[in-house]
Amino acid sequence: MKKILPLKSALGCALIFMMIGASIIFNDKEIILPEMAALAIGCLIHQNPVWLAKPLHIFLLPSITAIGGFMINKMDVNPAAKLILAVMFVLLTLRVFKSGLAPALATGLLPVITNATSLYFIFSILTLTLILALSLYAKRGTPPEPTISKRQRPQDNILYIVFVSAWVLTCAQNGWMYIAAIPPVLVVGYESMHKEEYTFKMFYKQVVCLSLAAYIGIQSLYFLNNLLLATLMDIVAISLLMRLVAFKLTPAYAMSLLPMVLHRPSHQYFYWNVFVMACIVLGTIYSYKNFRFSEQLRVRLARVSRSGEEV
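UniProt numbering numbers the first residue of the sequence shown as 1 and each following residue consecutively.
By construction, these hints were calculated from the structure, which means they are not laboratory data. Predicted model, so just to flag it, every value in this text is computed and none were measured. Built from N, CA and C at the ideal position, the CB exists for glycine as well. Where hints are given, some of them may not hold.
Said to hold, decoys possible - Here are the simulated lysine to any residue pairs, SDA-like style, with alpha carbons at most 20 Å apart:
1) Lys195 with Phe291
2) Lys248 with Asn48
3) Lys74 with Leu119
4) Lys195 with Thr284
To be verified - With beta-carbon atoms standing in for the labels, derived distance ranges:
5) Leu134 with Pro49: 14 to 24 Å
6) Asp28 with Asn290: 40 to 50 Å
7) Ala10 with Val162: 12 to 22 Å
Generate coordinates for the entire structure from the input sequences, incorporating the hints supplied.
Here is the structure:
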């Protein structure tokens with residue numbers, strides 16, 4: 001295992017740099033898929049058991065949601081409607097496949113966020129996810145049992161759509177579309193929505209890591225002005241950050257690469273935008289989860305009390 005892990009780490013990093021290199025060669029930033037960094041590191045380095053259980057989904061779901069998002073972006077509707085439709089399409093896809101592959105949410109939103117029009121975007125997602133899936137099959141041992149689908153509650157998906165829709169519409173109404181749907185934040189929100197327990201410690205670490213990842217990503221891009229060097233710095237810095245806070249958050253890697261595909265992100269305000277959105281969206285989910293569990297606890301205590309009185 002000790003020999004395999006460095007090999008997988010090298011493969012994960014090679015996949016990321018291959019993506020960045022291709023974008024430089026073809027002079028097309030739509031080839032860059034920030035969430036591929038999260039997928040590669042989550043599968044090959046962090047060994048996420050939920051993702052590894054079905055390697056085919058690593059290729060299939062991001063590809064389906066990316067193509068769906070690409071088609072939604074071509075629709076003649078306003079940006080807020082496109083974002084809401086993309087979220088609904090992704091959650092429906094995950095529901096149909098009984099999957100909890102949260103990065104598929106980001107790949108579905110990305111073509112809408114960046115207004116992707118190049119077919120290189122589709123070719124990139126198909127190629128990169130296929131390589132990643134094949135590498136998982138090649139190194140696959142005993143497949144772990146998927147557990148996330150057993151814990152998912154359909155009403156949580158419905159409420160998540162309601163939360164996101166309300167946030168997107170609020171941003172559209174006030175001219176804040178630049179913080180309406182930052183993909184890594186929504187990915188973390190989706191994962192948190194389906195956690196059995198969502199503590200304040202998890203919440204604040206997520207906000208801190210996403211905000212610092214955004215800071216690292218925008219500053220490395222601004223000062224280095226070289227995609228390969230910026231990517232190297234991002235991966236190293238985020239890895240050190242994760243070790244420092246003793247936390248695993250693969251969307252942080254995607255967040256650090258996100259400025260590379262956005263249209264003129266501000267190196268002064270981008271990370272503040274992420275901080276604000278993370279606080280509001282994740283804070284809403286934290287409040288809901290803890291209120292719901294508090295209500296469940298009160299109901300259970302009431303039942304115990306009534307049964308005690310009957311005895």
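We went through each hint and held it up to the structure:
no., hint, verdict
1, Lys195 with Phe291, "14 Å, holds"
2, Lys248 with Asn48, "10 Å, holds"
3, Lys74 with Leu119, "13 Å, holds"
4, Lys195 with Thr284, "14 Å, holds"
5, Leu134 with Pro49: 14 to 24 Å, "19 Å, holds"
6, Asp28 with Asn290: 40 to 50 Å, "44 Å, holds"
7, Ala10 with Val162: 12 to 22 Å, "43 Å, violated"
The earlier numbered hint that this structure contradicts is number 7, and it is the only one.
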